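Fit chain B to the supplied structure of chain A, relying on the hints for placement.
Just so you know, the protein sequences line up as chains A and B, in that order. The end of the first sequence is residue 132 by this note's numbering, with every number in the run present. The end of the second sequence is residue 132 by this note's numbering, with every number in the run present.
Keep in mind that the hints were calculated from the coordinates and are not lab data. Computed from a prediction, not measured in an experiment: that's the story for all the values here. Hints are not guaranteed to be accurate.
Since the list gives no way to pick out one identical chain from another, each pair is judged satisfied if it fits inside one copy or across any two copies.
[Claimed, not checked] Computed list of lysine-lysine pairs in DSS-like fashion (alpha-carbon distance at most 30 Å, straight line): (1) Lys61 <-> Lys25; (2) Lys116 <-> Lys25; (3) Lys116 <-> Lys61.
Protein chains: 2
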Amino acid sequence: MTPTRDSSPAATLLVCVTCKSGEEQVGARLFAALERRLTGESGIALRPVECLSACKRPCTIALAAPGKWSYVVGDLTREAHVEDIVIAARRFAAAADGLVPWRDRPIAFRKGVVSRTPPLSPTNRLA
Amino acid sequence: MTPTRDSSPAATLLVCVTCKSGEEQVGARLFAALERRLTGESGIALRPVECLSACKRPCTIALAAPGKWSYVVGDLTREAHVEDIVIAARRFAAAADGLVPWRDRPIAFRKGVVSRTPPLSPTNRLA
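Bound-form chain A, shown alone (with noise of 0.2 Å):
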């Protein structure tokens, strides 16, 4: 992925590390599984948050980026999503507006979508 003009990542990657499925620490093991997955992918950057707030839906992940729509992203296992996880970035940080098309989405984040919200300039702010 090449990155943004502004040297911004084309993809932050925001992985909740404080989802639990009863006292399993699921989003925190989810992170590590995508730090190792993603070790020398450029253009997608990891980081780690502490709550989306949408703690009825472990685990959930954003994406973002300078200019693009946020997506936050939920029902996602370690066990089943990181290939769809990392597919899934990679198209957004593709997507000048973040705005992936349906068809190109894996099933996990056309079912898995908590919210979305569209960058705070009108025009994408990096044109």
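Frame of chain A; chain B shown alone:
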């Protein structure tokens, strides 16, 4: 409210204008009511948005600003919550990082949070 240093508003209040309850255009009506209510209010930029992807919890709004946490909040109505939304937006505008203490949030903003996301830079970019 004092505008932030880079002239961005201290809060952008995004209102989903595609939110429906049955056939009723509840989102567009909430937006219209807020437009009237916020006339002359500085520091809060009101902006319509097409779908915050939290369609099961109309009406939905978001609060955002550069360098602050963003919040998506649902289960709001024009009939009950216009004043709560204005109060929440003012307190968000006044909070340097967007984090409003629990006790200072209107009840609807304690119960209705759909998600939150951190500012992209680890530190407040306006500081």
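| Checked against the structure, which of the hints given earlier come out wrong? | When the structure is compared with the hints, none of them turns out to be violated.
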